[in-house]
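Asks: One-letter residues, chain by chain:
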Amino acid sequence: MALRELSSLEKYLGLKKPNKYSTQGDKKIPVLQNNNGPPLVGLVTIACHLVKEAKRPELLGDSAESRAVVQQWLEFRVTRLDSYSKEDIKTILKDLNAYLQDKVYMAGNQFTLADTLIYYGIHPLIVDLAIQEKEQYVNVTRWFNHIQHYPGIRHHLPPVVVLRNRIYTSRHH
Amino acid sequence: MKLFVSEGNPHCLKVLAAVEVTGVHCEAQYVSHEEKVVPFLSRPALPALLLPNGQHLFSSNAICRYMFEVSGVESTELCNQWLEWEATDLQPALLQALHMTVLQGKGSEVSKVIQGPLNYLVQSLSKINTPYLTGEAVSVADVVLWAALYPILLDSGVALGEHKSFKLWFDRVNGMHACQTAAQKVLQGKGHECMKSYMQRQPAPQISQCRDMQPSNSTP
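Line by line, the protein sequences are chains A and B. Just so you know, we're using this note's numbering here: the first sequence kicks off at 1 and counts up by one. Just so you know, we're using this note's numbering here: the second sequence kicks off at 174 and counts up by one.
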């Protein structure tokens, strides 16, 4: 899973020669063999490294504040979206829905690496949502649909159908 | 910017230590464990930092990184790697260990729970020749890992004596005035007793399952 994500990210970033990866441990943590030093371990660490390699520092945020927000959501991805119980799913979607209410992207008005990795991580949750639930988490769905159509992002994942018109208009009654 | 912390919350130790070490000017407000500071989260999350741009940070590691960056020290790739490891590998084990020590009085069994991640740290430290985790100077990685381990290593049955390089590193960070000040603020010199009311409000740790083993709830 993580390795396919990293390869999609490489393509999005336009990195010419693909890197060599391996995994370690039961959780299949990605490892990048690095010619210039010791290997890099962990999805977030490697993804940030690729962004720097591609000279796209703006994808990590363009100010100290936005860099902190990006890092926070990258951590959220690997701590909350890589292992969760069934009860967690509701909380994750509810919180993200509240957060995204007044935002276009995870870090506000600018597309960053946080959008890419949260999109990859939340894809399995969104695939499983019923139409009614997609309407309940309307801000998440809107953001998700935006990112899956963002040029060069979707790659290894199938598109998820998001309805533009509400079917269940009476859900509040 | 404004920092929200609560007494006896072990995660607050990280951010208060980062404030002390970096010397960043930041007003810290003590609130109760139940205080909802971050408007979009359904559960109270502390520590939290209100950024100058009006956004909230709820991850203690992201807050620590921000403190170091504001003080002029950007996080290196090695620092990033330690912070990611702390959040994904060390924290789940520590949460379980704290639960056992503070609430169940099973402090003697703690080493079993944290042995795996602790060994990884011990091995990494025995391979490096620098006084701190990522170099000659104390970094955000040292502060975060020290603060994460401090509450559990405090009067617990985990023996450090046999791991010489680990003990040297821990004592070096622990000996910093900034770290001791932060520890005094969060734990009030009362140790585990002080964390009780915080731990009682946390959901009991469960062995988290990998997503691949979860039954899918999609309808066929």
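Where hints are given, some of them may not hold.
Covered stretches of chain A (in silico footprint by chain B; criterion: 3 or more residues with CB under 8 Å from a CB of chain B, positions within the stretch not fixed) [as the list claims (entries may be wrong)]: (1) 38 to 45; (2) 76 to 82; (3) 136 to 143.
FRET-style restraints, in silico, Cβ to Cβ [unchecked claim]: (4) A:Lys11 - B:Ser299: 35 to 41 Å; (5) A:Arg56 - B:Val204: 46 to 52 Å; (6) B:Lys369 - A:Arg4: 57 to 63 Å; (7) B:Pro376 - A:Lys11: 35 to 41 Å; (8) B:Thr303 - A:Pro39: 14 to 20 Å; (9) A:Lys16 - B:Val204: 48 to 54 Å; (10) B:Val204 - A:Lys103: 45 to 51 Å; (11) B:Asn347 - A:Lys103: 19 to 25 Å.
Quick caveat, the hints were computed from the structure, so don't treat them as lab data. Don't be surprised by glycine CBs; every beta carbon is placed ideally from N, CA and C.
Asks: All hints, please: hold or fail.
Replies: Tested hints:
1. Taking a C-beta to C-beta cut-off of 8 Å, the segment 38 to 45 of chain A contributes 6 residues in contact with chain B, enough for the three needed, and the coverage statement holds.
2. Only residues whose C-beta sits within less than 8 Å of a C-beta in chain B count toward coverage, and the segment 76 to 82 of chain A has 4 of them, enough to reach three; the restraint holds.
3. Given as covered by chain B, the segment 136 to 143 of chain A fails the check, having 0 residues with a CB less than 8 Å from a CB of that chain where 3 are the minimum.
4. Roughly 39 Å separates the CB atoms of lysine 11 (chain A) and serine 299 (chain B), a value that falls within the hinted 35 to 41 Å.
5. The hinted window of 46 to 52 Å between arginine 56 (chain A) and valine 204 (chain B) is violated, with their beta carbons roughly 39 Å apart.
6. Between lysine 369 (chain B) and arginine 4 (chain A) the CB atoms are about 44 Å apart, so this pair departs from the stated range of 57 to 63 Å.
7. For proline 376 (chain B) and lysine 11 (chain A), the Cβ-Cβ distance of about 39 Å falls inside the hinted range of 35 to 41 Å, so the restraint holds.
8. Range check, threonine 303 (chain B) to proline 39 (chain A): Cβ separation about 18 Å, and the 14 to 20 Å hint holds.
9. Judged by the Cβ atoms, the range 48 to 54 Å given for lysine 16 (chain A) and valine 204 (chain B) holds: they are separated by roughly 51 Å.
10. Range check, valine 204 (chain B) to lysine 103 (chain A): about 25 Å between beta-carbon atoms, so the 45 to 51 Å window is missed.
11. In this structure the supplied range 19 to 25 Å is violated for asparagine 347 (chain B) paired with lysine 103 (chain A), their Cβ-Cβ distance being about 40 Å.
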